[in-house]
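Undergrad: Chains A and B, in that order, are what the protein sequence lines are.
Using this note's numbering, you'd call the opening residue of the first sequence number 235 and step up by one each time.
Using this note's numbering, you'd call the opening residue of the second sequence number 235 and step up by one each time.
No wet-lab data here; the hints were simulated from the structure.
If you're wondering where the values come from, they're calculated on a predicted model, not measured in any experiment.
The calculated label-pair distances, taken between Cβ atoms and stated as ranges, are:
1. Ala368(B) - Ala237(A): 21 to 27 Å
2. Ser246(A) - Ala603(B): 53 to 59 Å
3. Glu319(B) - Asp474(A): 38 to 44 Å
4. Ala311(B) - Ala237(A): 21 to 27 Å
For glycine and all other residues, C-beta sits at the position ideal for the given N, C-alpha and C.
Protein chains: 2
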Amino acid sequence: MSALRFTPVIQSLPASVPFVGPEIQERAKGRPYRARLGANENVFGPSPKAIRAMQDAAPEIWKYGDSASHDLKTALAAHLGVGVENLMIGAGIDGLLNSLARLLVEPGTPVVTSAGAYPTFNYHVNGYGGEIEAVPFREDHEDPLALLDRAHEVKAPLLYFCNPDNPMGSWHRADVVQGMIDTLTEQTVLCLDEAYLEFAPENTAPPIDVSRPNVIRMRTFSKAYGMAGARVGYAIGHADLIGAFNKVRNHFGMNRAAQAGALAALQDQDYLARTIANVAGARDRIAQIATENGLTPLPSATNFVTIDCGEGPEFAKAVVKALDDLDIFIRMPFVAPQNRCIRISAGRPEDLALLQTALPTALHNAREALT
Amino acid sequence: MSALRFTPVIQSLPASVPFVGPEIQERAKGRPYRARLGANENVFGPSPKAIRAMQDAAPEIWKYGDSASHDLKTALAAHLGVGVENLMIGAGIDGLLNSLARLLVEPGTPVVTSAGAYPTFNYHVNGYGGEIEAVPFREDHEDPLALLDRAHEVKAPLLYFCNPDNPMGSWHRADVVQGMIDTLTEQTVLCLDEAYLEFAPENTAPPIDVSRPNVIRMRTFSKAYGMAGARVGYAIGHADLIGAFNKVRNHFGMNRAAQAGALAALQDQDYLARTIANVAGARDRIAQIATENGLTPLPSATNFVTIDCGEGPEFAKAVVKALDDLDIFIRMPFVAPQNRCIRISAGRPEDLALLQTALPTALHNAREALT
Numbered sequence: 235m236s237a238l239r240f241t242p243v244i245q246s247l248p249a250s251v252p253f254v255g256p257e258i259q260e261r262a263k264g265r266p267y268r269a270r271l272g273a274n275e276n277v278f279g280p281s282p283k284a285i286r287a288m289q290d291a292a293p294e295i296w297k298y299g300d301s302a303s304h305d306l307k308t309a310l311a312a313h314l315g316v317g318v319e320n321l322m323i324g325a326g327i328d329g330l331l332n333s334l335a336r337l338l339v340e341p342g343t344p345v346v347t348s349a350g351a352y353p354t355f356n357y358h359v360n361g362y363g364g365e366i367e368a369v370p371f372r373e374d375h376e377d378p379l380a381l382l383d384r385a386h387e388v389k390a391p392l393l394y395f396c397n398p399d400n401p402m403g404s405w406h407r408a409d410v411v412q413g414m415i416d417t418l419t420e421q422t423v424l425c426l427d428e429a430y431l432e433f434a435p436e437n438t439a440p441p442i443d444v445s446r447p448n449v450i451r452m453r454t455f456s457k458a459y460g461m462a463g464a465r466v467g468y469a470i471g472h473a474d475l476i477g478a479f480n481k482v483r484n485h486f487g488m489n490r491a492a493q494a495g496a497l498a499a500l501q502d503q504d505y506l507a508r509t510i511a512n513v514a515g516a517r518d519r520i521a522q523i524a525t526e527n528g529l530t531p532l533p534s535a536t537n538f539v540t541i542d543c544g545e546g547p548e549f550a551k552a553v554v555k556a557l558d559d560l561d562i563f564i565r566m567p568f569v570a571p572q573n574r575c576i577r578i579s580a581g582r583p584e585d586l587a588l589l590q591t592a593l594p595t596a597l598h599n600a601r602e603a604l605t
Numbered sequence: 235m236s237a238l239r240f241t242p243v244i245q246s247l248p249a250s251v252p253f254v255g256p257e258i259q260e261r262a263k264g265r266p267y268r269a270r271l272g273a274n275e276n277v278f279g280p281s282p283k284a285i286r287a288m289q290d291a292a293p294e295i296w297k298y299g300d301s302a303s304h305d306l307k308t309a310l311a312a313h314l315g316v317g318v319e320n321l322m323i324g325a326g327i328d329g330l331l332n333s334l335a336r337l338l339v340e341p342g343t344p345v346v347t348s349a350g351a352y353p354t355f356n357y358h359v360n361g362y363g364g365e366i367e368a369v370p371f372r373e374d375h376e377d378p379l380a381l382l383d384r385a386h387e388v389k390a391p392l393l394y395f396c397n398p399d400n401p402m403g404s405w406h407r408a409d410v411v412q413g414m415i416d417t418l419t420e421q422t423v424l425c426l427d428e429a430y431l432e433f434a435p436e437n438t439a440p441p442i443d444v445s446r447p448n449v450i451r452m453r454t455f456s457k458a459y460g461m462a463g464a465r466v467g468y469a470i471g472h473a474d475l476i477g478a479f480n481k482v483r484n485h486f487g488m489n490r491a492a493q494a495g496a497l498a499a500l501q502d503q504d505y506l507a508r509t510i511a512n513v514a515g516a517r518d519r520i521a522q523i524a525t526e527n528g529l530t531p532l533p534s535a536t537n538f539v540t541i542d543c544g545e546g547p548e549f550a551k552a553v554v555k556a557l558d559d560l561d562i563f564i565r566m567p568f569v570a571p572q573n574r575c576i577r578i579s580a581g582r583p584e585d586l587a588l589l590q591t592a593l594p595t596a597l598h599n600a601r602e603a604l605t
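Excised from the complex, chain A in its bound form (with noise of 0.2 Å):
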């Protein structure tokens, strides 16, 4: 490969990958997880209004997708209250986060974020050259006010919080985010994730201000629409910041279907409110099963419950190990110290009745492992 002439950035960068699939985890395994509750995925599913949609799209998929995604983009203006120019449509958070990066980070470039948080973030800024400064966690929760301090100290272009967090489920309430964009200099950008928005209470998001040149907010279809390989995410903010993305963005990258899938989503707000029901029951569940087994289950504003083990990382890693060993794929969180827990996404009863059937046994061989 020496001869070929690689930027220097990608000779800097480790051949890396943000997370490594189930499909891949089951073909190294030989045999599929009986349930799959790691990634966050929706199990309860998309709208039928959706999957309807999707399956009448597929015989004109011969079709480029509409550059500008202009229905869903109109449907969504008229649900947030925003005009159209305040929204870009992309191949979910992760495409959104590239290009987001791709706009305001080179070789060399500060971007804050949180340890622990979303590892694709990191992935996007280091492939550009940009260098993380990672903020602590406080108290299992990101540190707002130490967030924009070190944006403030370093000069960061881009700084990312997400709330409702991930991998911690942790939440702060609007006036708190409010503070944040009140208080963030205008020479940084923030990025607020709302992925899981749609789960949290409804005192977690401040209103949307598109005035404000340097806040973008991205969500999704992938959670709580119950969509994630269809990937459409999209971003809110100002127009010019917007914009912006039509300088980089892929203009026909958009699958057509997908497209199609999300407008009837978004028109199926019953659906919606029922998945984010059977998702609350189901993270209720999950703390139920967390508790009966001596663990302890953390509050939760998402579609998952991180589960202290009450243990260090080695534990939680071998619990991890062992429910995996049988057949239910989960997740932890990698950086000290949320590191001592584990990550269940909400499941259908079915696949908590698996959990619950195998999580005493996990703890055991967790246990027998580690001796």
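Got chain A sorted already, so can you dock chain B onto it with the hints?
TA: Just chain B, lined up with the frame of chain A:
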């Protein structure tokens, strides 16, 4: 926007769009096209088996797609006689060109292509600050020797060559392309865009040789397989170059249903053969319609026919406009001297019947408009 600290490259970029999509033009006109023959989409559509596979995948869209695209890659590897490590799946060739440019282009990097070749390639190169070195076409063909000379002269790390070519529909024989590969200096990566290859005569593509470290071939399910809206393309090359995509790609960026659809499409080679025959018939019909109207169709190895209108670019533009007024969507080359032509995608008999009826009127109206 002034306070936002976009990178210098981003600040230098226009808010440009490689193409305006037909939906945008339809909304501007206030009515739909009667024939959609401008974007080289495959109006004959995908295999019914691919449609069924996408429809069957819709209820499972709550799962992220397999980040390794294992099933599709394995099938493609067998089909092409290469290893899975020689294949990268991406969101269309557009998405793969974006990643390839990112791997090799930084501000000031010279990149060689043909003047008037695929604009989306230039868009991505410019998007990373690269400088396009454009080599003129030679008698409506891309000019292999001149491209190689220029790449050598400017020490380009990346050279783009599309065979068969878009927008002219012309092509070079396999031995000419093999000559390019053999002559290439090791410091230049040849990006061989073969989006239209399935429509070309047998002897158009040299054998795939993944031992070449600096040749990458791009193919797609958008054209012959009729799945432009699904966004599935693939790159074939040396494992080291292919592997480098893992440093920058969106690992979970592929639509799950699209992967299933592409696999089913690949497995229905009988349908592909019928599509190729349908397209060949449509090309003949377009050529006949052109000739009947005193225009000169150029030979084509693609799913479109480029037609020499026999006058300058103003007339060609007026013809495109006049057909647009009659609700027939076509496009045209945008660099002289190719911009004396219009470009019409292969359509079904009913699409071409509309073209046949409209073209005399359009030519008349175009001449009127210019007097």
